[in-house]
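Trainee: Between the sequences and the hints, there should be enough to build the whole structure, so can you do that?
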Amino acid sequence: MEKPLTQHIKNDNTWLSLKDYEKTGGYQALRKALKLNPEDVTKEVKESGLKGRGGAGFSTGMKWGFVPLGEDVPTPKYFVVNGDEMEPGSFKDRLLLEGNPHQLLEGMIIGAYAIQAQFAYVFLRWAYHQAARAITRAIEEAYEAGYLGKNIAGSDFQLDASLHVSVGRYMCGEETGLLNALEGKRANPRSKPPFPGVSGLFGKPTVVNNVETLCNVPHIIANGAGWFKSLSKTDEGGTKIYGASGRVKKPGLWELPLGVSLREILQEHAGGMQDDFQFKGVLPGGGSTDFLTGDHMDVTMDYAGVGKAGSRLGTGTLIVLDDKTCPVGMVLNLERFFAQESCGWCTPCREGLPWTAKTLEAIENGKGEMKDLDILNFQTRYMSPGNTYCALAPGAMEPLQSALKYFKEDFEKHIHEHKCPWKKE
Amino acid sequence: MTTQNNISEEIKKEIEEIYQHFPQKSAACIEGLKVIQKHHRWVSDEAVKELAQILEMSPDAIDSVATFYSLIFRKPVGRHVILVCDSVSCWMMDYEKIAGYLKNKLSIDFGETTKDDRFTLLTIPCLGTCDRAPAMMVDEDLHRDLTTDKIDEILKNYE
Ligand SMILES: Cc1cc2nc3c(=O)[nH]c(=O)nc-3n(C[C@H](O)[C@H](O)[C@H](O)COP(=O)(O)O)c2cc1C
Ligand code: SF4
Ligand code: FES
Chain S
1 MEKPLTQHIK NDNTWLSLKD YEKTGGYQAL RKALKLNPED VTKEVKESGL KGRGGAGFST
61 GMKWGFVPLG EDVPTPKYFV VNGDEMEPGS FKDRLLLEGN PHQLLEGMII GAYAIQAQFA
121 YVFLRWAYHQ AARAITRAIE EAYEAGYLGK NIAGSDFQLD ASLHVSVGRY MCGEETGLLN
181 ALEGKRANPR SKPPFPGVSG LFGKPTVVNN VETLCNVPHI IANGAGWFKS LSKTDEGGTK
241 IYGASGRVKK PGLWELPLGV SLREILQEHA GGMQDDFQFK GVLPGGGSTD FLTGDHMDVT
301 MDYAGVGKAG SRLGTGTLIV LDDKTCPVGM VLNLERFFAQ ESCGWCTPCR EGLPWTAKTL
361 EAIENGKGEM KDLDILNFQT RYMSPGNTYC ALAPGAMEPL QSALKYFKED FEKHIHEHKC
421 PWKKE
Chain F
1 MTTQNNISEE IKKEIEEIYQ HFPQKSAACI EGLKVIQKHH RWVSDEAVKE LAQILEMSPD
61 AIDSVATFYS LIFRKPVGRH VILVCDSVSC WMMDYEKIAG YLKNKLSIDF GETTKDDRFT
121 LLTIPCLGTC DRAPAMMVDE DLHRDLTTDK IDEILKNYE
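Residue numbers (UniProt numbering), protein chains in the order written: chain S, 1 to 425; chain F, 1 to 159.
Because the hints were derived from the structure by calculation, they are not lab data.
We put the CB at the ideal spot given by N, CA and C, even for glycine.
A portion of the hints provided could be inaccurate.
[Said to hold, decoys possible] Within a straight-line C-alpha distance of at most 27 Å, the following computed BS3-like cross-link-like pairs (lysine-lysine) qualify:
1. K185/S / K25/F
2. K103/F / K419/S
3. K49/F / K75/F
4. K35/S / K19/S
5. K97/F / K423/S
6. K424/S / K103/F
7. K371/S / K413/S
[Said to hold, decoys possible] Which residues of chain S face chain F? A few of them, derived with a C-beta cut under 8 Å, are:
8. M86
9. G89
10. R94
11. G184
12. G287
13. M370
Mentor: Spelled out as structure tokens, the structure:
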């Protein structure tokens with residue numbers, strides 16, 4: 001089984017230096033890309049089927065293709081790496097950032113070449129200090145080796161890159177919120193259109209891509225779109241870094257063919273449930289995805305498969321709910337997070353999320369009434385896609401709406417018994 | 001504990017170095033706040049006013065940015081900042097026990113600083129190490145698979 005993204009990552013808390021990385025074939029893909037037309041680089045990535053690993057699953061090649069090329073286009077253009085990773089229960093990008101920073105930089109430089117950008121930023125959340133050290137050092141090494149700066153690898157392509165460390169807030173990970181943060185402003189989102197590809201950072205054409213997305217790019221250029229397609233179990237192409245947290249025997253991260261079954265991840269890789277704990281449900285792709293249950297074990301963990309089951313692949317990191325944890329308490333924890341992180345820009349989210357959290361709190365504390373369930377159902381419609389400025393609020397509704405569907409009895413039990421059945425007296 | 005922190009010439013130079021790299025001075029607002037905090041641990045009203053002058057912005061505009069971001073501290077913090085992950089995976093893995101133990105041990109609530117100015121206790125969303133929950137960060141160090149015994153050992157390293 002091929003593991004292009006993680007096969008060289010060491011497990012001793014050190015990262016691959018430039019020399020180590022070059023020994024694995026590193027920066028050969030960049031050399032190859034620089035000999036192609038930018039359009040052909042984009043075409044190869046498009047044909048590979050690579051989809052964004054940051055949550056939304058948009059075609060990477062198509063996104064690059066939106067950026068205007070040629071002489072009379074606005075400059076400078078920007079290429080931005082999204083390393084904010086603040087989605088609760090997600091921890092995959094950290095592995096790539098800390099373990100193999102040059103793989104990410106090579107993907108970033110190839111992407112910047114494809115859209116003919118002049119500047120690249122790696123946007124990193126504050127808490128990722130080890131990643132910041134790795135990226136800082138890797139950028140220095142890349143400049144020294146001539147992979148950044150003028151005449152990259154002997155070509156006439158020029159690119160400057162720097163690291164930006166954020167100061168908190170989940171909204172910094174939202175593509176346009178991130179751009180505002182990079183401009184030194186509050187991380188409120190921007191209305192689309194115009195899309196960043198046309199008007200992004202400082203009003204110039206910009207591409208924002210997730211860390212894991214970009215780490216795939218050198219391998220696609222080196223081995224071709226056909227090879228990439230052959231990696232996955234279904235027809236979406238590539239591998240995916242899956243993870244699991246919660247009461248499983250072996251929580252962790254695994255790079256696997258895209259489209260393995262939920263059962264395989266949970267049973268074979270996560271080792272099944274810990275003794276004395278039963279599986280009750282799972283958020284398949286981080287805190288803002290819909291629950292799946294025991295009936296979904298054969299779901300293929302790719303974009304189409306998880307979508308058909310009524311949820312989203314999201315970040316691909318599973319959060320496992322066990323039978324000794326209260327589902328209402330779990331959803332309350334998530335909604336408190338979303339309410340706290342709402343940027344307050346639009347009313348449904350600003351007002352709706354604190355209300356949702358308060359309602360859940362009442363139910364959890366045994367003070368709920370049956371009509372509270374109607375209120376919660378109303379909120380899931382009130383904050384559904386299209387009613388808010390960005391995807392934070394609709395994302396927040398995903399675990400809630402599915403919990404109301406699959407764990408209805410547990411909500412009702414709280415209300416009828418006037419207490420949380422899971423709380424010990 | 002100081003209640004004021006002014007911008008020294010050294011800090012001013014650092015901030016000026018930063019805005020050179022941006023098309024407009026105001027783009028250095030977050031970076032400027034970070035520089036001040038690096039030197040003083042927090043950002044006072046006085047520092048906001050001085051940063052406003054340097055970046056040719058209004059103090060309110062600076063403050064609207066400063067208060068938006070959870071890791072810019074507009075109140076004094078202790079010598080060490082403890083950030084306990086309160087997100088979903090840690091919550092499922094006994095966050096409440098860990099949080100209760102820390103509050104008890106330090107005799108403070110979240111958002112507070114110990115009398116001796118040694119620790120400030122805060123929560124933080126998911127630290128990105130959910131497979132080794134529960135987790136916390138003290139200053140820049142990540143601590144995971146926490147137990148109450150482990151916490152006793154860890155805190156000894158921060159004077
Ligand atoms: C509230 C919110 C937070 C987000 N946080 C992240 C993040 O931390 N990292 C990330 O890559 N994408 C995040 N996204 C998705 C981005 O908006 C965007 O789709 C992604 O960075 C694009 O890269 P990709 O196409 O390579 O996935 C977030 C979206 C929302 C609505
Ligand atoms: S949905 Fe929430 S986070 Fe997004 S813009 Fe509206 S208020 Fe801000
Ligand atoms: S939920 Fe605590 S580290 Fe992710």
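Trainee: Determine for every hint whether it applies to the structure shown.
Mentor: Each hint, compared with the structure:
| no. | hint | in the structure |
| --- | --- | --- |
| 1 | K185/S / K25/F | 12 Å, holds |
| 2 | K103/F / K419/S | 26 Å, holds |
| 3 | K49/F / K75/F | 15 Å, holds |
| 4 | K35/S / K19/S | 23 Å, holds |
| 5 | K97/F / K423/S | 14 Å, holds |
| 6 | K424/S / K103/F | 21 Å, holds |
| 7 | K371/S / K413/S | 14 Å, holds |
| 8 | M86 | 6 Å, holds |
| 9 | G89 | 5 Å, holds |
| 10 | R94 | 5 Å, holds |
| 11 | G184 | 4 Å, holds |
| 12 | G287 | 6 Å, holds |
| 13 | M370 | 26 Å, violated |
Consistency with the previously given hints fails for number 13 only.
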